[in-house]
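**Student:** Sequence:
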Amino acid sequence: MIEAASTKPYGFMPCYPGPGGGHCIPCDPHYLLRQLSKGRQQAPLVAIALAANSRRPAQITERALDLCWRPPPPPPASPASC
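Residues in the sequence shown are numbered from 0 upward in steps of one, following numbering that gives the first Met the number 0.
Hints listed in this document are in silico derivations from the structure and should not be mistaken for laboratory results.
Glycine residues also receive a C-beta, built at the ideal position from the N, C-alpha and C atoms.
A portion of the hints provided could be inaccurate.
What follows is a list of derived Cβ distance ranges for each label pair [unchecked claim]:
no., residue 1, residue 2, range
1, LYS37, THR60, 54 to 60 Å
2, PRO25, PRO78, 23 to 29 Å
3, PRO8, ARG62, 42 to 48 Å
4, ALA42, ASP65, 29 to 35 Å
5, ASN52, ALA76, 43 to 49 Å
6, ASP65, GLY38, 39 to 45 Å
7, SER36, ALA3, 31 to 37 Å
8, PRO25, ARG62, 52 to 58 Å
9, PRO73, SER36, 54 to 60 Å
10, ALA42, PRO13, 23 to 29 Å
11, GLY38, PRO72, 54 to 60 Å
12, PRO25, PRO72, 32 to 38 Å
13, ARG62, GLY38, 36 to 42 Å
Produce the entire structure from the sequences given, and follow the hints as far as they go.
**Tutor:** The following block contains the structure:
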């Protein structure tokens, strides 16, 4: 991906984010929406994506808690003795 992006003739800056990603996904859409609103433009898909991203930590936490508090499955049945 970096190699392909580096073929852009201007403004390329390589980025190698860590396992937590970078700042751009949670932050940059806010900047985009703000600039668009100044020109009375809208980007409904960006706003919907931001709302979905905002809900995701709570969804993951809820799922993890559900898994933690779920009773363990019963042990497998043993074969019949002869």
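**Student:** Could you run down the list of hints and mark each one as holding or not?
**Tutor:** Cross-check of the supplied hints:
no. : hint                      : verdict
1   : LYS37 - THR60: 54 to 60 Å : violated (35 Å)
2   : PRO25 - PRO78: 23 to 29 Å : violated (53 Å)
3   : PRO8 - ARG62: 42 to 48 Å  : holds (45 Å)
4   : ALA42 - ASP65: 29 to 35 Å : holds (34 Å)
5   : ASN52 - ALA76: 43 to 49 Å : holds (44 Å)
6   : ASP65 - GLY38: 39 to 45 Å : holds (44 Å)
7   : SER36 - ALA3: 31 to 37 Å  : holds (33 Å)
8   : PRO25 - ARG62: 52 to 58 Å : violated (20 Å)
9   : PRO73 - SER36: 54 to 60 Å : holds (56 Å)
10  : ALA42 - PRO13: 23 to 29 Å : holds (27 Å)
11  : GLY38 - PRO72: 54 to 60 Å : holds (56 Å)
12  : PRO25 - PRO72: 32 to 38 Å : holds (37 Å)
13  : ARG62 - GLY38: 36 to 42 Å : holds (39 Å)
Comparing the model with each earlier hint shows violations of hints 1, 2, 8; every other hint is respected.
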